[in-house]
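Peer 1: Could you build all of it, start to finish, from the sequences and the hints given here?
Spelled out from the first residue to the last, the chains are:
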Amino acid sequence: MSAFHRRRAAVTGIGVVAPNGTNTDTFWKSTREGMSVLDRITREGCDHLPLRVAGEVRAFEPSAAVEERFLVQTDRFTHFGMAAADLALEEARIGRDTVAQSPFSLGVVTAAGSGGGEFGQRELQQLWGKGSRFVGPYQSIAWFYAASTGQISIRRGLKGPCSVVAADEAGGLDALAHAARAVERGTDVMVAGSTEAPLAPYSMVCQLGYEELSTSDDPARAYRPFTTGACGFVPAEGGAMFVVEDEAAARERGAQVRATVAGHASTFTGASRWELSREGLVQAIRGALDEAGCAPEEIDVVFADALGVPEADRAEALAIADVLGAHGRRVPVTAPKTGTGRGYCAAPVLDAAAAVLAMEHGLIPPTPNVFDICHDLDLVTTRARAADLRTALILSRGLMGSNSALVLRHGAAE
Amino acid sequence: MSRITLEELSELMKKAAGVTVAPQELQQRYDSGFDSLGIDSLGLLGIVGELENRHGTQMPPDAERCKTPRQFLDLVNSTLMAGA
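Order-wise, the sequence lines are chains B and R.
Each number in this note's numbering comes from the position in the first sequence (counting from 1) with 572 added on.
Each number in this note's numbering comes from the position in the second sequence (counting from 1) with 4 added on.
It is worth saying that the hints were derived from the structure and are not from the lab.
Be a bit skeptical, because a hint or two may be false.
[Stated by the list, open to error] Covered stretches of chain R, going by a simulated chain B footprint (3 or more residues, C-beta under 8 Å):
# : region
1 : 10-16
2 : 53-61
3 : 77-83
[Claimed, not checked] Below, a list of computed lysine to aspartate or glutamate pairs in the EDC-like style, where the Cα atoms sit at most 16 Å apart:
#  : chain 1 : residue 1 : chain 2 : residue 2
4  : R       : K18       : B       : E639
5  : B       : K702      : R       : E54
6  : B       : K601      : B       : E932
7  : R       : K71       : R       : D39
8  : B       : K702      : R       : E56
9  : R       : K18       : R       : E54
10 : R       : K18       : R       : E29
11 : R       : K19       : R       : D66
12 : R       : K19       : R       : D35
13 : R       : K18       : B       : E640
14 : R       : K18       : R       : D44
15 : R       : K19       : R       : D44
16 : R       : K19       : B       : D669
17 : R       : K19       : B       : E932
18 : R       : K71       : R       : D44
19 : B       : K731      : B       : D669
20 : B       : K731      : B       : E695
21 : R       : K19       : B       : E640
22 : R       : K18       : R       : D66
23 : R       : K19       : R       : D78
All of these numbers come straight from a predicted model, not from anything done at the bench.
Glycine is no exception: its CB is placed at the ideal position from the N, C-alpha and C atoms.
Peer 2: What follows is the structure, encoded as structure tokens:
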């Protein structure tokens, strides 16, 4: 490797634990088919709450994926994280032997927005039901936003730079960018992404104050961004983890370079100030394109944030037009998350996973449950659309005001 | 008051720390470190808390600092016997 070689971050593994699939293959097939798995919430203790529809991960058996020693210490969001990290590392063909050879050159970064609500609720019920002596010591770490990073690091022996991004939903994209920067600065491999589990009764009550939350009880109508029927968003659990490493090193070891992380930027425009998010997204997209050295016309597909709030949808459609100009009306836009729900920080990471898979398959997945678009966008609906995809733009906004844009390039050798 | 047996410690390790070590194996590894058995400091703290709740007796602060099953059982049993 020449001293002048600029390191570039490549995605070599993707692990998905999502409402529509608990491995990458099933996730892609369901996403490609535009299958909606939104459904009435079945989680125990939730039936009296006004939040009725969500994207639950029903095909996940924690004890089949993770050792009991780690299960007792951790919340469901970390169970998802450990399982997704395993899948991603396996896909990247990075085994325990590889890690053991140079543990300090592999790190972890995750983003988290809701923390370990289910675990925390159980321990708080012990506190108020039986007394403080009945609260287990793992409560001190399991609820915490950083828990997944820490436990993935411990369980897989990854001793390099570890961090957690607590930056609202858009933090999911920021975590992938953080991993890319760590790789560019010299870390060999980063395991990066986000998983969330916000569907315990306590966590759900915390969300009820969000005016953007959809309280519709019809799974087919609860989350329909970019339509006149938009009535908010539907939450979800699950997420994805990526393996990000230096592109040249990946090619040298014969790993498949699935995509490269080309550019990223993030901005902040304030909680629920959706009109202002237009300018916030514009600046984030411009920053990401600049870093990627990418002209607006090079964007082949946009994975929209698609909040499902009319004012926010309008701001996003206008932001795409502002930056991409005439190309903004031609470029295909999609929001597969309308079929799975919006897993907070995990939502844009699943979009990034779908974007990599879309580029590999030359197929843009559709936006389930959305048909009647009331914005000037070429939104892909009903069925997947074949297209030659080299470059994808992924957008994300958080309820608290963060906006992020990420540019991914197809991984085929240039 | 009854002594804590290896069987009970084995059961507590599973309940509080998710670590399965059969009593016979625990007997063989009586002087192994808790860390090598897969029990970290919070796991041992959980075992102590569970014991205290079951037996209605406070354990000395040193209980959660014990390094091996032998040290731990010696300490908690002498505490239980002294309180009996």
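Peer 1: None of the hints should be skipped; say for each whether it holds.
Peer 2: Against the structure, the hints:
1. 10-16: Not satisfied, violated; 0 residues make the cut.
2. 53-61: It holds, with 3 qualifying residues against the three required.
3. 77-83: As far as the region 77-83 of chain R goes, the hint is violated, because 0 residues have Cβ atoms under 8 Å from chain B.
4. R:K18 <-> B:E639: With a Cα-Cα distance of about 12 Å, the restraint between K18 (chain R) and E639 (chain B) holds, given a limit of 16 Å.
5. B:K702 <-> R:E54: 13 Å, holds
6. B:K601 <-> B:E932: 13 Å, holds
7. R:K71 <-> R:D39: Distance ~8 Å between K71 (chain R) and D39 (chain R) Cα, so the pair holds.
8. B:K702 <-> R:E56: Holds, because 14 Å separates the two Cα atoms, which is no more than 16 Å.
9. R:K18 <-> R:E54: 12 Å, holds
10. R:K18 <-> R:E29: 14 Å, holds
11. R:K19 <-> R:D66: Given pair K19 (chain R), D66 (chain R) is violated - Cα atoms ~21 Å apart, limit 16 Å.
12. R:K19 <-> R:D35: 21 Å, violated
13. R:K18 <-> B:E640: 9 Å, holds
14. R:K18 <-> R:D44: With Cα atoms ~13 Å apart, K18 (chain R) and D44 (chain R) stay inside 16 Å; holds.
15. R:K19 <-> R:D44: Satisfied, since the Cα-Cα distance of roughly 14 Å is no more than 16 Å.
16. R:K19 <-> B:D669: This hinted pair is violated, its Cα atoms lying about 31 Å apart.
17. R:K19 <-> B:E932: Given pair K19 (chain R), E932 (chain B) is violated - Cα atoms ~46 Å apart, limit 16 Å.
18. R:K71 <-> R:D44: The given pair, whose Cα atoms are some 10 Å apart, holds under the 16 Å limit.
19. B:K731 <-> B:D669: Judged against 16 Å, a Cα distance of about 14 Å means the pair holds.
20. B:K731 <-> B:E695: Given that 16 Å is the threshold and the Cα spacing comes to 30 Å, the pair is violated.
21. R:K19 <-> B:E640: Status holds; Cα separation ~10 Å.
22. R:K18 <-> R:D66: Violated. K18 (chain R) to D66 (chain R) sits at ~21 Å, over the 16 Å cutoff.
23. R:K19 <-> R:D78: 21 Å, violated
Violated hints, listed in ascending order, are 1, 3, 11, 12, 16, 17, 20, 22 and 23; each of the other numbered hints is respected by the structure.
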